[in-house]
Amino acid sequence: MIRLAPLGLVARLAVLLAALGLALAVGLVRPVLAEEIDLNIPEAEKSPLELGGVVEMRYINHILNQDSALYRLRYYNQKPGSYTEEWRPQLELKADYKEGIAQFHLYTHHEYHEFYSDYETVNKVYEGYVSLKPSAGVTIEAGKKAFSWGKGYAFNPAGFVNRPKDPDDPELNLEGYTALGADFIKSLGSQGLQTVAFTPLILPVFNNENTELGQTGDVNYAGKLYMLLYDTDVDFMYMGGPNQPDSYGMDFSRNIWENLEIHGEFAYVKDARKQSVGSSGGVNIEHENQVSYLLGLRYLTERDTTYILEYFHNGAGYGGDQVDGFFAYQEMAWRQWLSTQNAAYMQRADMLTRSYYRSKNFGQDYLYLKISQKEPFDILYFTPYLSFLVNLEDLSFNVAPGLTYSPVTNLEFNLRVIAPIGNMGTEFGEKLDDLRSEIWLRWYF
Amino acid sequence: MKKMFTTLAMLALALVAASQAFALTGEEILKAVDAKLQPGDLEMYRKLINIEPNGNKKEYTYWFLRQDKDKIITLFLAPASDNGRATLRLGENMWLFIPNVGKPIRITSLQSVVGGVFNNADIMRLDYHVEYDVADLAEDEGQHLLTLKAKTGQVAYDKLRMWVEKKNNMPVKVECYSATGILIKTLYFKDVKDMGDGVVGPTVIETDSPLYKGYKSIMVSAKLKKRTFPEEVFTLNYLPRVKELR
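Heads up: the protein sequence lines correspond to chains A and B, in order. Going by the working numbering, the first residue of the first sequence is number -19, and it counts up by one from there. Going by the working numbering, the first residue of the second sequence is number 3, and it counts up by one from there.
Be a bit skeptical, because a hint or two may be false.
Here are the simulated SDA-like pairs of lysine to any residue, each with C-alpha atoms no more than 25 Å apart in a straight line [stated by the list, open to error]:
1. 124/A / 228/B
2. 166/A / 98/B
3. 26/A / 228/B
4. 245/B / 31/A
5. 151/B / 237/A
6. 71/B / 145/A
7. 104/A / 83/B
8. 145/A / 103/B
9. 153/B / 171/A
Keep in mind the hints are simulated off the structure, nothing from the lab.
All chains, please: the whole structure from these sequences, using the hints.
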């Protein structure tokens, strides 16, 4: 990790305003008459090498909840106050090269991230693999690849080989895992069982690869069986390894009506390790069989409003007493710190609560709703939306209105506000922010 | 005189009978229209241009594969923001693959993967005769006028009115109506020429819509090749890799 000096506020705003100015300037291009339309299609010419990428400039304004557990945990010995900023410019590059039956794919992520007094640069290879395709029904792949198993939009309990999604940004690119895999596809006709596909994966842990999946030398196995059965997508999944619990899953997706899709996931994780912390700071480690499931729908109205609704039961999550104990312990640590000024109390609390905060949402039952309206008031390429994520146990929630506007080719403008709402001692009531406002621009090339 | 009148009457009857024998039915005209627009298994390139009332435009280019009567794949090549997006249609099932999301998600025919007047049903249109029955065949200003009724409620437009050139069964105009009788959009077929591989058909389809006043979308087709792909290509697992076929 390379540490750089943070940019000044004026410099950051100047860059952002420059980007906005660029967007507006490009948006005000000379109108093109229909007669000037070029009917040629130069992209039809093939090239073995394809290069591309996206530049993103994201500015986040945090109004901090100074009484929250997370604020105290992070800033017990600092004073960011009630307001701070986050600045996150990033670049993602991709390259594809084809030679005979081989295809090479590379996707890299580069980010400068500054938040209050912390700043870092991140350079990661998200994907880098070679793919061999001896026939249409057989593919063999080796390298680092981002998998996306499961049918859920905000959560994927059966996505055993996925990186966890951020429900605030479910469509963000994520880093992959290094694997040796294959894909076998058989098309069987247009009725009944139409397609069968099998995807076996080997995920070894070595050097700095797949360290989240076990210890160096471990070899994990995963597999997915897909079927298109009576117009329904059905998957069955498995994952296991020396330091991985045996995990079994399934998912489905189907259009009930022309404008209504339903989907679901189920996961059973056998003998999973779970660590919790009691109100006095005692650590409890147990092994349990965890059942998670998700049921969801996607509904499109005649007015082009899309509703995505999902219920998620998180078998790995923490229930009422565990959450109460977790917050009570942090309160106790905070009071000990105030009375003694001994940082060890907060450092221990930080260490013991990581298993909770590592997952973006540590509760057991959630309801997710996203309502988006395509092109209201005849404004092309404009989509406002409103999303909610509710913890059904403590009834705290996140509400996030936002908009995406891309009037100019390859330029995308986004604006979003996220407001966590809840009492003290609830998941969203104890979030770091009282209000988070984000603005970001993306330019694709 | 009487004999001549009888002969003329019989001749007229014979001409009427002959013309009826050679006249195409509505279903035959519809199939002929389909053959002009999407003849058999094929690949081609399409450019979709959305034009706003102020003249601003946005263009999308995609590779279009069609097989049998109900299998369609599109792979977006441009602009860069959409590069790599792919759609698959198997009958009434439609999926969209977005590289960021990493997996295909189910979509509906009324949505639009690109915005503008064209929706998924237009971009991944099956043959008209697969989705519609001919409810009426009439004549209008020297052209066939077919009234088509959707076979099922799954079809994007409940009713179509289609004008077809009599001399060559080339479509001229199609009006698309909702189940409540609202005109959703009108398609205009233009610029008839060789699209590739000797297939002659309309290379430009323009559309406008009372729902998008002042907006217009144009679809240009080119570089058509008759080509049959392995069946496995038209599957969900293959969709993220379809660009490797090009």
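Evaluated hints:
1. Using a Cα cut-off of 25 Å, the hinted pair residue 124/A and residue 228/B is violated, with the two alpha carbons roughly 37 Å apart.
2. For the hint pairing residue 166/A with residue 98/B, the CA-to-CA distance comes to about 20 Å; that is within 25 Å, so the pair holds.
3. Taken as a hint, the residue 26/A and residue 228/B pair is honoured in the structure, with Cα atoms around 18 Å apart against an allowance of 25 Å.
4. For the given pair, residue 245/B sits about 14 Å from residue 31/A by alpha-carbon distance, which is consistent with the 25 Å threshold.
5. The hinted pair formed by residue 151/B and residue 237/A meets the criterion: a straight-line CA distance of about 19 Å does not exceed 25 Å.
6. The straight-line distance between the Cα atoms of residue 71/B and residue 145/A is roughly 38 Å, outside the 25 Å bound, and the hint therefore fails.
7. Among the hinted pairs, residue 104/A with residue 83/B is consistent with the structure: their alpha-carbon atoms are about 21 Å apart, no more than 25 Å.
8. Distance hint between residue 145/A and residue 103/B is fulfilled; the C-alpha atoms sit about 10 Å from each other, no more than 25 Å.
9. A C-alpha spacing of about 18 Å is found between residue 153/B and residue 171/A, which places the hinted pair at or below 25 Å, so the restraint holds.
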